[in-house]
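Protein chains in written order, with numbering that gives the first Met the number 0: chain H, 0 to 325; chain B, 0 to 325.
Hints are not guaranteed to be accurate.
Pairs count within a copy or across copies, as identical chains cannot be separated in the list.
[Unchecked claim] Simulated pairs of lysine-lysine, DSBU-like, Cα-Cα distance not exceeding 35 Å:
1. LYS322 x LYS207
2. LYS303 x LYS219
3. LYS262 x LYS229
4. LYS16 x LYS82
5. LYS303 x LYS293
6. LYS16 x LYS315
7. LYS311 x LYS262
8. LYS243 x LYS284
9. LYS212 x LYS311
10. LYS322 x LYS303
11. LYS284 x LYS315
12. LYS219 x LYS25
13. LYS85 x LYS272
14. LYS212 x LYS243
15. LYS303 x LYS53
No wet-lab data here; the hints were simulated from the structure.
These figures come from a predicted structure and were not determined experimentally.
Number of protein chains: 2
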Amino acid sequence: MLKTQFQHPDELVSKIKSGDRFALAKALTILESNLDRDRQLAEQIVERCWEHSKETWRIGITGPPGVGKSTFIDKFGSFALTKGHKIAVLTIDPSSLISHGSILGDKTRMETLAKEPNVFIRPSPNQAVLGGLQKRTSEAIILCESAGYDLIIVETVGVGQSEIEVRHLVDCLTLLQLPDSGDELQGIKKGIMENVDFIVVHKAEESKADLVKISMDQLKNSLHLARANKSGWDTNISDISSLKNKGIAKYYDDINNFFSLIKNNDYINHNRKNQLFLHVHSHLKDLQSHYFGKLNAQHDDLIKSELSLGEKSPLKIAADLFKKTI
Amino acid sequence: MLKTQFQHPDELVSKIKSGDRFALAKALTILESNLDRDRQLAEQIVERCWEHSKETWRIGITGPPGVGKSTFIDKFGSFALTKGHKIAVLTIDPSSLISHGSILGDKTRMETLAKEPNVFIRPSPNQAVLGGLQKRTSEAIILCESAGYDLIIVETVGVGQSEIEVRHLVDCLTLLQLPDSGDELQGIKKGIMENVDFIVVHKAEESKADLVKISMDQLKNSLHLARANKSGWDTNISDISSLKNKGIAKYYDDINNFFSLIKNNDYINHNRKNQLFLHVHSHLKDLQSHYFGKLNAQHDDLIKSELSLGEKSPLKIAADLFKKTI
Chain H
0 MLKTQFQHPD ELVSKIKSGD RFALAKALTI LESNLDRDRQ LAEQIVERCW
50 EHSKETWRIG ITGPPGVGKS TFIDKFGSFA LTKGHKIAVL TIDPSSLISH
100 GSILGDKTRM ETLAKEPNVF IRPSPNQAVL GGLQKRTSEA IILCESAGYD
150 LIIVETVGVG QSEIEVRHLV DCLTLLQLPD SGDELQGIKK GIMENVDFIV
200 VHKAEESKAD LVKISMDQLK NSLHLARANK SGWDTNISDI SSLKNKGIAK
250 YYDDINNFFS LIKNNDYINH NRKNQLFLHV HSHLKDLQSH YFGKLNAQHD
300 DLIKSELSLG EKSPLKIAAD LFKKTI
Chain B
0 MLKTQFQHPD ELVSKIKSGD RFALAKALTI LESNLDRDRQ LAEQIVERCW
50 EHSKETWRIG ITGPPGVGKS TFIDKFGSFA LTKGHKIAVL TIDPSSLISH
100 GSILGDKTRM ETLAKEPNVF IRPSPNQAVL GGLQKRTSEA IILCESAGYD
150 LIIVETVGVG QSEIEVRHLV DCLTLLQLPD SGDELQGIKK GIMENVDFIV
200 VHKAEESKAD LVKISMDQLK NSLHLARANK SGWDTNISDI SSLKNKGIAK
250 YYDDINNFFS LIKNNDYINH NRKNQLFLHV HSHLKDLQSH YFGKLNAQHD
300 DLIKSELSLG EKSPLKIAAD LFKKTI
């Protein structure tokens, strides 16, 4: 599937650490491969790039399709560049599993950032494996930080599993919302409140001032019902128009305040340590599922003939096979 | 976690088949449990309810939060009742993983249906396991059909994995959209087109006539770019207002036409057979992941002490542990 010219991990890692973008891109491609040879190579690369702690900002940006995540990241990233950051943008897009790759392409949607030398943008893998996105992204963050990027932005489409997954990858989570939320959205928001550090009512242009006000009021009310964030940070609610560049600088300042707080109270290390524990389990699960995936595929003919007989339910066929595999 | 009074599976299954709603609800609760005892019981119940083929309609309804899925199902279900159907509504709600249960409650959101004797509504399990929703729902469908329900509606929040999962559970998939879709939405739609049988521009009230027209035109254009559906059915695009009961009867007729077509060309059996194959693999994976989940948890202390040492990356710790487990 993937043509990986063999390269010794030491060579690739030293190029990554010297800031070679091509080497970083190549390493990320190896991470995304499911070939056994590439998986081993990936393990060696990540091991060599691994460092116990890095002074970086890891920010997750999530929200429904159409809310304008790419435009927001384009404007926020451009502002952050003026503050001296080196930025990596990674996207987790579960919808690419359906469409076999983002149709519009993430790079073209971040027009300004895509041209900047201090920005590295990595779209979702085209042929991603279900459930593997989190694992690959946690490794991708390690590599990007090793290459000197200090502001890591992970973009993901909400709602659902991907939102939980991204929470386990980042220090700070921002949820974007459109200024015309329905009832159902409110229900979800109450549940998600305690997991989100920033809520942005996006596309808050002057022409939608009334809708924006209603949304802001609703969000503030919902906030009273939510439990306190473990970080000690009170969820920040703001309205931003990326189109009009309104609210971006203030958002950057608030992000800065957030990181000052969690560095001072050491929540950042506490949280990352918990995440590492989850990542070990997630990697372990992935290794097992890759191993058994190949093993299970060897039973395809047996499964088909059992189904043709039509005597056993799928569950019974699986249960009988399971006893053979362990 | 779950208090299950022991009951012999034969007794419960005979009650389910006689149409006892309480027995059906109890069996579904057993399906949702992760206790080893309940998992065994579930296997026995499903095995006894399993039948090779049933003349039923399995319909998936998906769409973003706030699009009005519950209201749509309420109106469509009420109409289908007048045609003599017995209806079961099952929901797959990944967001309940975050909020620990739907805040608003599915039953109260389907006001009319909830009161009908020929309707059985089953909300998402409160404490669902990631990735287990599909497995449980495929079993739940078997039980509901065994209890005499011939129209099974599976409701799920898009976008992402849950949309793919529901495609593997149903004969027919309907995607609801709001009449104000953004650019990003269009990108996803092109990818999803070939997997969707019906697209409904919902909340199409008179006041939004302009937006509705734009959305309908965009959708029809996107359709030209999509590959043909494997079923031989041309994706149907319509605008519906559940609030005004506009378009519901026509939608029912189209669904009826869809099922006539796929019964005549035997796509329904071909498709269900492929799904069963996937379900066996999904069950097998679930059994393995449950087994190894318990095994892996025994290594928690070791993982924590490795992380404290800070010498190995999470991936390396996992890889070393993996060798021990197989």
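message: So, against the hints stated earlier in the document, which numbers end up violated here?
response: Hints 1, 2, 8, 9 and 12 not satisfied by this model.
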